[in-house]
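Colleague: This is what each chain is made of:
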Amino acid sequence: MARIKPDNPPPAEYAFGYRRPPRSGNDINGLGVTKPAPAQPVFHSAGNARLEWQALDDFFGVINPWPVVRHVIANAWQLRKRNGPVNRRRRAVDDPAAMAVEVKAAAREFGAELVGVAEVTPEAVFAGRSAPHGNAICIGLSMDLKEMRHAPQPRAAVEVMRVYRQISRIAIRLAARIRSWGWPAKAYGNPNSTDILHIPLAVNAGLGQLGKHGSMISKEYGSNFRLAAVLTDLPLAFDEPVDIGVDDLCFGCRRCVIDCPADAIFDVKQMVRGVEKWYVDFDKCIPYFVKTYGCAICIEVCPWSRPGRGGSLSRTLLAKRKMG
Amino acid sequence: MRTFDEGGGERADSGSLKRDFKTLRRILLMILGYWTHGRRVREAYRKHEAAGTTYWVDER
Chain A
-15 MARIKPDNPP PAEYAFGYRR PPRSGNDING LGVTKPAPAQ PVFHSAGNAR
35 LEWQALDDFF GVINPWPVVR HVIANAWQLR KRNGPVNRRR RAVDDPAAMA
85 VEVKAAAREF GAELVGVAEV TPEAVFAGRS APHGNAICIG LSMDLKEMRH
135 APQPRAAVEV MRVYRQISRI AIRLAARIRS WGWPAKAYGN PNSTDILHIP
185 LAVNAGLGQL GKHGSMISKE YGSNFRLAAV LTDLPLAFDE PVDIGVDDLC
235 FGCRRCVIDC PADAIFDVKQ MVRGVEKWYV DFDKCIPYFV KTYGCAICIE
285 VCPWSRPGRG GSLSRTLLAK RKMG
Chain B
36 MRTFDEGGGE RADSGSLKRD FKTLRRILLM ILGYWTHGRR VREAYRKHEA
86 AGTTYWVDER
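Here the protein sequences come in this chain order: A and B. Each residue of the first sequence is one higher than the last, beginning at -15 in the working numbering. Each residue of the second sequence is one higher than the last, beginning at 36 in the working numbering.
Check before you lean on any hint, since a few could be wrong.
No farther apart than 27 Å at their CA atoms in a straight line, the calculated lysine-lysine pairs in the DSS-like style are these [said to hold, decoys possible]: (1) A:Lys65 / B:Lys82; (2) A:Lys253 / A:Lys306; (3) A:Lys65 / B:Lys53; (4) A:Lys19 / A:Lys306; (5) A:Lys268 / A:Lys306; (6) B:Lys53 / A:Lys268; (7) A:Lys88 / A:Lys(-11); (8) A:Lys253 / A:Lys(-11); (9) A:Lys268 / A:Lys19.
These are calculated hints, taken from the structure and not from any lab test.
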């Protein structure tokens, strides 16, 4: 399949703005900060919290086309069942590894395409928020590439929200299954589950690696997938982070950097809250994200997102690294 | 009384009805907001876009 090209991206010029600009999102995110610190929520809120960039988030919510909002509303309705009562008869778990296999099979039965288990570490929880349980089951679901090829047009935004709705349903069903075994479990469906950070959890759960464009890259789907999670106390064996060679490609590849109309993607890793990692300029990315109802150019032009490409790309990159 | 089946089925009780009602109320407000205040915002934004001026998101 030929390289995906952005579908007529509009220029990074905006007919909206702040009269009194909020604090830079990069400052809030800790860009340039060398000391480790928990992430601060900045955009996409859950509950009643007013975030620094809330006015733009509210604007984003109402300018989205109805087919997108319809999925958001259906998702909010189903997520009322994210938590619930736990069966009083608890199933004993002698072998967390066998339990993890069973949980992953259940997640796949419900429709998840990627599944992994990780510990909920402090860096995966937003400042001032808490995680109710210590284990995270991270799940991924791919988007329809035929629809996503239309990024940054609204058709791609509809597909993104359709997949968020579908993956939330999977997480809700998985959490209910675990509660039926007598263990507490809560489903976290995106994009407004702002107690936890899905990417650090999914990286630790071995679903993929962080890419230059600030999104996850998996061997199976590149960046063309979305995340959800179930947090639980069910004893489970943890997966290990994977190395599929993402950095080997990202250091030399400039595809997302070139194709980003907002010029928001850094060519080198940045220091963010004490960790050197790939980072996207929030103040440049978010206005374009809002203007285009979610953009998604960078994740679709990524070479890893080409169907069937990830496996061979990973093998080639890792072999090259071995040869020095 | 709350009961479970394998598969996580959950029978409706007063707690879940209250939760459903709260969510339904929130969703109805979201829909109403999208078609009333939201429509005004979209129209104003389009006008600014056509005129080449700026719609201030932090001013209502």
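Colleague: Now look at each hint and say whether the structure bears it out.
Modeller: Hint-by-hint comparison with the structure:
1. A:Lys65 / B:Lys82: Violated - the C-alpha atoms of B:Lys82 and A:Lys65 are around 41 Å apart, more than 27 Å.
2. A:Lys253 / A:Lys306: Holds, at about 23 Å.
3. A:Lys65 / B:Lys53: Judged against 27 Å, a Cα distance of about 12 Å means the pair holds.
4. A:Lys19 / A:Lys306: violated, 33 Å
5. A:Lys268 / A:Lys306: violated, 37 Å
6. B:Lys53 / A:Lys268: Outside the cut-off at roughly 42 Å; violated.
7. A:Lys88 / A:Lys(-11): Violated - the C-alpha atoms of A:Lys(-11) and A:Lys88 are around 35 Å apart, more than 27 Å.
8. A:Lys253 / A:Lys(-11): holds, 25 Å
9. A:Lys268 / A:Lys19: holds, 24 Å
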